[in-house]
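Participant: The chain contents come next:
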Amino acid sequence: MAVRKEYIEDLEELKEKVLRMGELAKVAADNAIKALLQRDMELASKILKENSVIDDLEFEIENRCTRLIALQQPMAVDLRTIGTCMKIITDLDRISDLAGDIAEIVLQIADEPHVKPLIDIPRMSELSQGMISDCLNAFSEREIRMIEDFSERDNVIDALFDQVRRELMTIMIENPRGIRNASHLLFVALHLERIGDHACNIASRIIYMVTGEKRKLE
Amino acid sequence: MTGNKKITEKLVMIGMYVAAFITVAALFTVVGYVYVKGIGAISLDFLLDYPYRLEFGGIFPQIVGTIYLAAVCLLFAVPLGVASAIYLSEYAPDNMITGTVRFFVECLAGIPSIVIGLFGLIFLVHYLGLGISLLSGGLTLGFMILPWTIRASEEAIKAVPGSYREASLALGASKWQTIRNVVLKNAYPGIISGILLGCGKAIGDTAIVLFTAGSGLEWFLPMAITDPVGSLTVYTYILATQAHTEAGILRAFGASLVLLTMFFMVTVTALYLRNRYVRRMSGW
Amino acid sequence: MSTIETRELNVYYGDEKVHALKNVEIKIEKNKVTALIGPSGCGKTTFLRSLNRLNELLGATTKGKVIIDGKDIYDGKEDVIQLRKRVGMVFQHPNPFPMSIYDNVAYGPRIHGVKKKELNGLVEESLRKAALWDEVKDRMQEIALKFSGGQQQRLCIARALAVNPEIILFDEPCSALDPVSTAKIEALLRELKHEYTIVIVTHNMQQAARVSDFTAFFLMGELIEFGETKELFERPRDKRTEDYITGRFG
Chain A
-9 MAVRKEYIED LEELKEKVLR MGELAKVAAD NAIKALLQRD MELASKILKE NSVIDDLEFE
51 IENRCTRLIA LQQPMAVDLR TIGTCMKIIT DLDRISDLAG DIAEIVLQIA DEPHVKPLID
111 IPRMSELSQG MISDCLNAFS EREIRMIEDF SERDNVIDAL FDQVRRELMT IMIENPRGIR
171 NASHLLFVAL HLERIGDHAC NIASRIIYMV TGEKRKLE
Chain B
65 MTGNKKITEK LVMIGMYVAA FITVAALFTV VGYVYVKGIG AISLDFLLDY PYRLEFGGIF
125 PQIVGTIYLA AVCLLFAVPL GVASAIYLSE YAPDNMITGT VRFFVECLAG IPSIVIGLFG
185 LIFLVHYLGL GISLLSGGLT LGFMILPWTI RASEEAIKAV PGSYREASLA LGASKWQTIR
245 NVVLKNAYPG IISGILLGCG KAIGDTAIVL FTAGSGLEWF LPMAITDPVG SLTVYTYILA
305 TQAHTEAGIL RAFGASLVLL TMFFMVTVTA LYLRNRYVRR MSGW
Chain C
860 MSTIETRELN VYYGDEKVHA LKNVEIKIEK NKVTALIGPS GCGKTTFLRS LNRLNELLGA
920 TTKGKVIIDG KDIYDGKEDV IQLRKRVGMV FQHPNPFPMS IYDNVAYGPR IHGVKKKELN
980 GLVEESLRKA ALWDEVKDRM QEIALKFSGG QQQRLCIARA LAVNPEIILF DEPCSALDPV
1040 STAKIEALLR ELKHEYTIVI VTHNMQQAAR VSDFTAFFLM GELIEFGETK ELFERPRDKR
1100 TEDYITGRFG
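Residue numbers (the numbering used here), protein chains in the order written: chain A, -9 to 208; chain B, 65 to 348; chain C, 860 to 1109.
Watch out, some of these pointers could steer you wrong.
To be verified - Example chain C residues on the side facing chain B (calculated, C-beta under 8 angstroms, incomplete): (1) Asn911; (2) Leu916; (3) Phe950; (4) Asn954.
It is worth saying that the hints were derived from the structure and are not from the lab.
For every residue, glycine included, the Cβ atom is placed at its ideal position computed from N, Cα and C.
Make a model of the complete structure from these sequences and hints.
Facilitator: Shown next as structure tokens:
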């Protein structure tokens, strides 16, 4: 008995756009680390080029949200969905920006080998990728089970970051010629840690969207 | 619009014009005829003198008698009619009994006045012993206009929007306070115009007064309510059927003209009140 | 502190053929605006009219309790005239009497025997409270029907205030008004709640959201959900409430 057919279709479209933006941000972050591991400058440039698509999407989604609020006076779950969309696209945009930053780093350091074999950084990436995927699933399924444990998962990323930082500092002290590469890698790790934080922000918004409850995950 | 439709439209229009014209023309012919024939009889003496023999004197007792009869009739019919209307529209439950009462009211309105006159003669004049009198005539006329009064009052009361009643009751007014302050206050112009139209019927009636009020040629004013009383209608009837001189016929037309004028005044007053009521309701 | 409380309130129409309200239990707080929402025929207006026993005019049968200030108004002892003095009502369509502004406002007080010399002050005070005084103070003897719909509705509010009620019931008071008049009435409601307890039926959910502190959602004669307005519109607990306020069914 959908009496507001167009409105409901508009809402569905909005959700699809957000999912698409999330997918693009997630792929960008994944590719950034792939480019780093394989020192693939071509892939890194591609990420930077595609960043503008995500920016455009963010604008479009924001406009759709404003228009829905202005014209349809959404209530309850609809209102929470739109509010959530407006908030999480900022986090998704930040994730894609961080992926871009990593890609920039790749362009800087791809000409020489890394100072150490990369183990913890891919691990961090894997974890944050998992968190973004779970966010997108939770958003589309309205199911919060898979994102409720984000605090613990973020703690793991934080711990890995700490470990990477200490390791790289040791390398820098022992081998000053490796400082350039090591300091860049340190930033990559920091960016990955930030991506984890953004995933947590997104997760707490989705919990609000689904349950109406405001829960802080960090 | 096709040509055929246009022609139909035109024909209908012309038909309506003709119908309206015939109606107005008939009215003007009657009124005009009475006026032309009767104006010659009108003089101060005619209006203020007492009649004597068949064809002489004035019609003063008949004019006063007509007014008296109308007054007694209204005094009887109005309180009874309005009270019945209030009961029927505000208090009575909507069931078989009230439906039956309404049905009889409707039937009563259709009874020919000669039948009511006969009832007045048998029941009031003879059985109750009220005699041929102002009282008998007024009461019988009252019986005749009673259903009209009830119906007009009920319609006026029903026309008062229910929202006024609700507003009044919601302010803590009792039912009777609501009826008095809101319902009747807004219905009264309608009620009065209904009453006046009934009054017009009463002053225009012949059969009833002929049976119950007097012979029409009374040369005196009634001193008591039990005295017989003359009326313009019966006077006209007697003269028109029994006088054989020019003067007699002239007097019949003169009396008719006076009657028409009275009737006209009552109707204009009724219409004026109704218009004022409509304007009031629409906020002007 | 609740000023109106209902217990197992059931209302029937037409020889109990229509069950218009089913076991409604609610506590309405003093000096708050409580909005009643729900689709047409859900019982919200019936509920409103059970609070001043105006339902009786329509031949309704009421079972259960409506407790106002600690007294059950259906216990058979309550004087309906005194009740309606305490529980005023403003209707869907502005219904001023076809009398002057002054007589409209003075109608209630006169009925209840307020002395003539106190009337002027009372009329002015009521019109001021209804935010109408400045517009009509020089036109007190003009007939009320000449004024705009919004002014007429504020006049009806003034008329209700003049009998000095504690509770005022509003039955879709803005449904016949333009947006500007509506905004004025809404501002007035927020003002009035400091002195009165207000219960309002509205079809306009945005209006309920704007003016009320508490909202009750009715569906098919049942009270589905009742709670703080900001909660109910942001995160309703019941699926049916959510479906209704998001327009998923109509």
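Participant: Against each hint, give a clear statement of whether it holds in the structure.
Facilitator: The hints, checked one at a time:
no.: 1; hint: Asn911; in the structure: holds, 6 angstroms
no.: 2; hint: Leu916; in the structure: holds, 7 angstroms
no.: 3; hint: Phe950; in the structure: holds, 6 angstroms
no.: 4; hint: Asn954; in the structure: holds, 4 angstroms
Checked against the numbered hints given earlier, the structure satisfies every one of them.
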